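Q: Read off the chains here:
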Amino acid sequence: MRQEWESQIAEMRKGSVRGLARLITRVENRDTGWLDAMQIIYPMTGKACVIGITGSPGAGKSTLTDRLTRELSDQGFKIGIIAVDPSSPFSGGALLGDRLRMKEVSTIDDVFIRSMATRGALGGLNLAARDVVKIMDAFGKDIILIETVGVGQDEVEVVKAADMVLVVCVPGMGDGIQAIKAGIMEVADIFVVNKADKDGADQAVADIHAMLDLSADEASVKIPVVKTIASTGEGVTDLVRMMLQNFEAGRIRTSWQKERIKEEILSLLEKEVARHLRNRWDQNGNLDQAIKQVTARKQDPYSVVQEMISLMHLQ
Amino acid sequence: MNTEKKIRVLVAKPGLDGHERGARVIAYGLRDLGFEVIYTGLRQTPEEIVSAAIQEDVNVVGLSILSGAHLTLTRKIIEKLREQNANDILVIVGGIIPDKDVPELNKMGVMGVFTSGTSIKDVGAFIKSNLS
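Top line first, the protein sequences correspond to chains A and B. The number in my numbering is simply the position in the first sequence, starting from 1, with 70 added. The number in my numbering is simply the position in the second sequence, starting from 1, with 16 added.
Treat the hints as calculated values from the structure; they're not laboratory data. Source: prediction; values computed, not measured. Note that CB positions come from ideal geometry on N, CA and C, so glycine has one too. Among these hints, one or two may not hold up.
[To be verified] Here are some chain B residues pointing at chain A (derived, C-beta under 8 Å): (1) Gly50; (2) Val53; (3) Ile54; (4) Ile70; (5) Lys144.
[Said to hold, decoys possible] Below are the DSS-like pairs computed for lysine-lysine, each with C-alpha atoms no more than 30 Å apart in a straight line: (6) A/Lys148 / B/Lys96; (7) A/Lys204 / B/Lys22; (8) A/Lys148 / B/Lys92; (9) B/Lys137 / A/Lys84; (10) A/Lys204 / B/Lys96; (11) A/Lys292 / A/Lys341.
[To be verified] If you want the footprint, here are the derived chain B segments under chain A, 3+ residues with CB under 8 Å: (12) 42 to 49; (13) 71 to 81; (14) 99 to 106.
The task is simple: from the sequences and hints, build the whole structure.
A: See the structure below:
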């Protein structure tokens, strides 16, 4: 098993796009041995800059990602893109349409785009997104852009995966404050007011500045607010310059690093334990049994959980 | 919800006709059947389609063609998939395809041809039975 993973990783490291794509699939599917595979990959990572792009649905995240990619790739960077769209909680299916707005960059040789469905994860990302970032990093991408699901107000998972976060807003969404409530507000390293040719763009910029002034203490660095029109590319050059300046100035989330690592370990552990238990349940049929019992009101969900935990000798 | 092992399908429209309805209906329908569908929009070149199929590591490529150029376009796409050693990807074709062309498409390696009137459930079932 390990050997199979090793040869796949070696293929990817040699620059095989197909190898990269297949590795991503297997890790996303949590194929047997994926934790071992990630252990091999981890030491190969740490070089890429990871940029999160988040914002409300329809704000123009995909179009902006397309433009940013063109600009960055012109400057010689190798780009990886993870574009996340929601899975239906009912059918489990998903329509992944971000590529539709990334036509022009989709054929550039050094650009790799991967669409991912949320597969039940909350917070605007896919559970494996962080692992996929590492695989792309190990492949040799310089910059990895993660475009989240269109988020509402507190879906800020992306901050745990990215070194820098762009929050994309559009003019005319309520009083402008609507789009930047607590949570979203704090994750932004750069605010982008997209569709800046629409009425109210300057108002939106002013609203964001006002919010930032209120929440900032004297010492904190000023968060820039940039106007763009992603459909024509206007303002994107400035935005890229600002992003690169931020990186050079070391204004990336190093202060969060400890938090991020802690959070990554805990969430991996949580997910793996839960998966392990579910697999066991699926095999022995106890979950179905428990569901029947609870449905018939012969048992309650709390004791089901407690029984399972005591089986693990945790208590 | 079991999150693992989803069937990924690329729905693509090669060539120059702008009739997108069929492709969209298929994309939405397959999504509702639990597939992860990647939709790339109109007027895609064979190169773009193959590159998307490889990067997205799809199990299935579904081509929607109403322009009459189905033989040329499909042949190109299948050749390019072969060049990339990706002939394990299931290729299906839908749209306006005259009956007489179906054997030739099959000979190229197209596993299924679905013309108008096909129910999406049948397409879904076809994909599932041909992948397992």
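Q: State for each hint whether it applies.
A: Hints, verified against the model:
{"no.": "1", "hint": "Gly50", "in the structure": "4 Å, holds"}
{"no.": "2", "hint": "Val53", "in the structure": "5 Å, holds"}
{"no.": "3", "hint": "Ile54", "in the structure": "5 Å, holds"}
{"no.": "4", "hint": "Ile70", "in the structure": "5 Å, holds"}
{"no.": "5", "hint": "Lys144", "in the structure": "13 Å, violated"}
{"no.": "6", "hint": "A/Lys148 / B/Lys96", "in the structure": "24 Å, holds"}
{"no.": "7", "hint": "A/Lys204 / B/Lys22", "in the structure": "22 Å, holds"}
{"no.": "8", "hint": "A/Lys148 / B/Lys92", "in the structure": "28 Å, holds"}
{"no.": "9", "hint": "B/Lys137 / A/Lys84", "in the structure": "41 Å, violated"}
{"no.": "10", "hint": "A/Lys204 / B/Lys96", "in the structure": "29 Å, holds"}
{"no.": "11", "hint": "A/Lys292 / A/Lys341", "in the structure": "37 Å, violated"}
{"no.": "12", "hint": "42 to 49", "in the structure": "holds (count 6)"}
{"no.": "13", "hint": "71 to 81", "in the structure": "holds (count 3)"}
{"no.": "14", "hint": "99 to 106", "in the structure": "holds (count 3)"}
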